[in-house]
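Chemist: The primary structure of each chain is shown beneath.
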Amino acid sequence: EVQLVESGGGLVRPGGSLRLSCAASGFTFSTSSMGWVRQAPGKGLEWVSSMSGSSNYIFYADSVKGRFTISRDNAKNSVFLQMNSLRAEDTAIYYCVRQGIVVVAAAVRPADYWGQGTLVTVSS
Amino acid sequence: DIQLTQSPSFLSASIGDRVSITCRASQGISSFLAWYQQKPGKAPKLLIYAASTLQSGVPSRFSGSGSGAEFTLTISSLQPEDFATYYCQQLNSYPVTFGQGTRLEIK
Numbered sequence: 001e002v003q004l005v006e007s008g009g010g011l012v013r014p015g016g017s018l019r020l021s022c023a024a025s026g027f028t029f030s031t032s033s034m035g036w037v038r039q040a041p042g043k044g045l046e047w048v049s050s051m052s053g054s055s056n057y058i059f060y061a062d063s064v065k066g067r068f069t070i071s072r073d074n075a076k077n078s079v080f081l082q083m084n085s086l087r088a089e090d091t092a093i094y095y096c097v098r099q100g101i102v103v104v105a106a107a108v109r110p111a112d113y114w115g116q117g118t119l120v121t122v123s124s
Numbered sequence: 001d002i003q004l005t006q007s008p009s010f011l012s013a014s015i016g017d018r019v020s021i022t023c024r025a026s027q028g029i030s031s032f033l034a035w036y037q038q039k040p041g042k043a044p045k046l047l048i049y050a051a052s053t054l055q056s057g058v059p060s061r062f063s064g065s066g067s068g069a070e071f072t073l074t075i076s077s078l079q080p081e082d083f084a085t086y087y088c089q090q091l092n093s094y095p096v097t098f099g100q101g102t103r104l105e106i107k
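As given, the protein sequences belong to chains A and B, one line each in that order.
The letter at position 92 of the first sequence is residue 92 when you use this note's numbering, and the numbering goes up by one with no holes.
The letter at position 35 of the second sequence is residue 35 when you use this note's numbering, and the numbering goes up by one with no holes.
Source of the hints: derived by calculation from the structure; they are not laboratory data.
Check before you lean on any hint, since a few could be wrong.
[To be verified] Residues on chain B that point at chain A, a partial pick, calculated with CB under 7 Å:
no., residue
1, P44
2, L46
3, Y49
4, S52
5, Q100
Ideal Cβ positions, reconstructed from N, Cα and C, are used throughout, including at glycine.
Assemble the whole structure, with the sequences as input and the hints as a guide.
Modeler: Okay, here's the thing in structure tokens:
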């Protein structure tokens, strides 16, 4: 059974940092693209970042570029999101996702599994 | 960036109704579109990808169609568990974008 379990969320002051972790199990992690999607309270979905299994391809939303860094440890079946210079508008539930389905000729793989999410609140 | 616009943003329907939600892209994206369902307090769930391919385990009353810049999600006969918010997502290119969502409620 595929499982994604996020941790590391919490309350942080504007300008602060936080590191989210996602522990994966139930599939071959090292060959799977992984990503993060967030959802501000009462709002829609916003993609944040994605990383290929080999770490060769990394993408960020413009809203977080230069502040957030995605990484992964294939030996520990984990993916991380280092968030620096946090702003109030980064307040959201952050979901870890597996982008596991290959759509022929598509650049993006859909998110076929989602974690339960971890809440990040940026407030003074 | 590719913009996705869903219509309607809100839909009220009854059990057994057939409903459709439209997603329009700001440029052609071939068939590179996915649909998700999200229930309150839960993570989204993948329903359809590549515009019309049903994800494993998703009931056959859900279907997707379209290509280019206009896509449709159809639920053939609404069941109580289908009342949720639906999002489209383009798979054509990064940065990934989602539609703003369509909230489906019981009439």
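Chemist: Are the hints correct? Go through all of them and say.
Modeler: Do the hints match the structure? See the list:
For P44 of chain B, the suggested interface contact is upheld, since its CB lies about 6 Å from the closest CB of chain A, less than 7 Å. At a threshold of 7 Å, the smallest CB-CB gap from L46 of chain B to chain A is about 5 Å, leaving the interface hint in force. A hinted interface residue such as Y49 of chain B counts as satisfied when its beta carbon comes closer than 7 Å to some beta carbon of chain A; here the least separation is about 4 Å, so the hint holds. Proximity of S52 of chain B to chain A is violated relative to the hint, the smallest CB-CB distance being about 11 Å (cut-off 7 Å).
With its C-beta approaching chain A no nearer than about 5 Å, Q100 of chain B sits inside the 7 Å limit, and its interface hint holds.
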